[in-house]
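S.K.: So the sequences go chain by chain: A and B.
Under the working numbering, the first residue of the first sequence carries the number 340, and numbering increases by one thereafter.
Under the working numbering, the first residue of the second sequence carries the number 24, and numbering increases by one thereafter.
Please keep in mind that the hints were generated in silico from the structure rather than gathered at the bench.
Idealized CB from N, CA, C, for every residue including glycine.
Do not rely on the hints blindly, as some may be mistaken.
[Said to hold, decoys possible] Derived coverage of chain B by chain A (criterion: at least 3 residues anywhere in the stretch with Cβ under 8 Å from a Cβ of chain A; other residues may be distant):
#1 61 to 69
#2 74 to 80
#3 105 to 111
#4 121 to 128
#5 145 to 151
Residue-level listing of the chains:
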Amino acid sequence: MENRDTVSREAQTAQPLALVPPVDVVEDEKGITLAADLPGVPKDKLSVHVEGETLVIEGEMGLEMPRDLEATHVEVSRPRYRRVFSLSRELDPGRLTAELKNGVLKVRIEKAAHAVPRRIEVRAG
Amino acid sequence: MDFSLFPRDLFAEVDRLQRQMQQAFELSPSIRGFARGGFPALNVAGTPDSVEVYAFAPGLDPEQIHVQVEKGVLSISGERQSDLPPEDDERWSVHVSERYSGRFHRVVTLADDLDATEVQARYRDGVLHISIKRREAAKPRRITVN
Numbered sequence: 340m341e342n343r344d345t346v347s348r349e350a351q352t353a354q355p356l357a358l359v360p361p362v363d364v365v366e367d368e369k370g371i372t373l374a375a376d377l378p379g380v381p382k383d384k385l386s387v388h389v390e391g392e393t394l395v396i397e398g399e400m401g402l403e404m405p406r407d408l409e410a411t412h413v414e415v416s417r418p419r420y421r422r423v424f425s426l427s428r429e430l431d432p433g434r435l436t437a438e439l440k441n442g443v444l445k446v447r448i449e450k451a452a453h454a455v456p457r458r459i460e461v462r463a464g
Numbered sequence: 024m025d026f027s028l029f030p031r032d033l034f035a036e037v038d039r040l041q042r043q044m045q046q047a048f049e050l051s052p053s054i055r056g057f058a059r060g061g062f063p064a065l066n067v068a069g070t071p072d073s074v075e076v077y078a079f080a081p082g083l084d085p086e087q088i089h090v091q092v093e094k095g096v097l098s099i100s101g102e103r104q105s106d107l108p109p110e111d112d113e114r115w116s117v118h119v120s121e122r123y124s125g126r127f128h129r130v131v132t133l134a135d136d137l138d139a140t141e142v143q144a145r146y147r148d149g150v151l152h153i154s155i156k157r158r159e160a161a162k163p164r165r166i167t168v169n
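Just chain A, with the same shape it has in the complex (with noise of 0.2 Å):
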């Protein structure tokens, strides 16, 4: 009964059934970097991945909860996180990395070689 009270509430609410997790992203001239904040996720439970041109970013919480535990007071009401981003041409997903750290998760992609701006030394004529 309960299970299926949440559920029509979802559907009426049409709330999405995983949490957003904030972010931070920051560009320089070789890539971007993102951290995402995922907290309760273990590195087993974390996918990070690229298709086409988005990044998905997917984890499942897996915190130690004693049996019979009744909730009084809850802030964080789903055990999963996920949020997708469009990635721009000029970033290389093949040139991806991840570290994840005390429920923090780093992401850096460099830009493809040709998209990295450089510098045209002028010379004096």
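On the provided structure of chain A, position chain B as indicated by the hints.
M.R.: Here is chain B on its own, set in the frame of chain A:
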């Protein structure tokens, strides 16, 4: 399928409704700011033996988290450094900045039946889990009827 992280009970449900009311009307925040939200997000749950507090506080050094129980109040405080480059650094452009940085302090009022000397705190995957035992005398006991 279970969509809920924590099993709900009546109180959680009432709580949820109150939150929705608050979000809808922005009703009187307390003097310390809004009673809800903020960093870190908190979930509180109880078992017959203990109260379990989960603080979703990613990216911290566990030694820098200050957890204290005093006069029936659990307090969690510390500081989260920003990962962003300094604003005046022209080599970087910041496109999105949503993650919390700065000092934080959250408090949870504890029930009278908790034992302030029986507190455990663990930090794993960015979640601080604090477990506080109930006093032996306060646990429900079954009385045998002769």
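S.K.: Look at each hint and say if it fits the structure.
M.R.: Right, here's what the structure says about each hint:
no.: 1; hint: 61 to 69; in the structure: holds (count 7)
no.: 2; hint: 74 to 80; in the structure: holds (count 4)
no.: 3; hint: 105 to 111; in the structure: holds (count 3)
no.: 4; hint: 121 to 128; in the structure: holds (count 3)
no.: 5; hint: 145 to 151; in the structure: holds (count 5)
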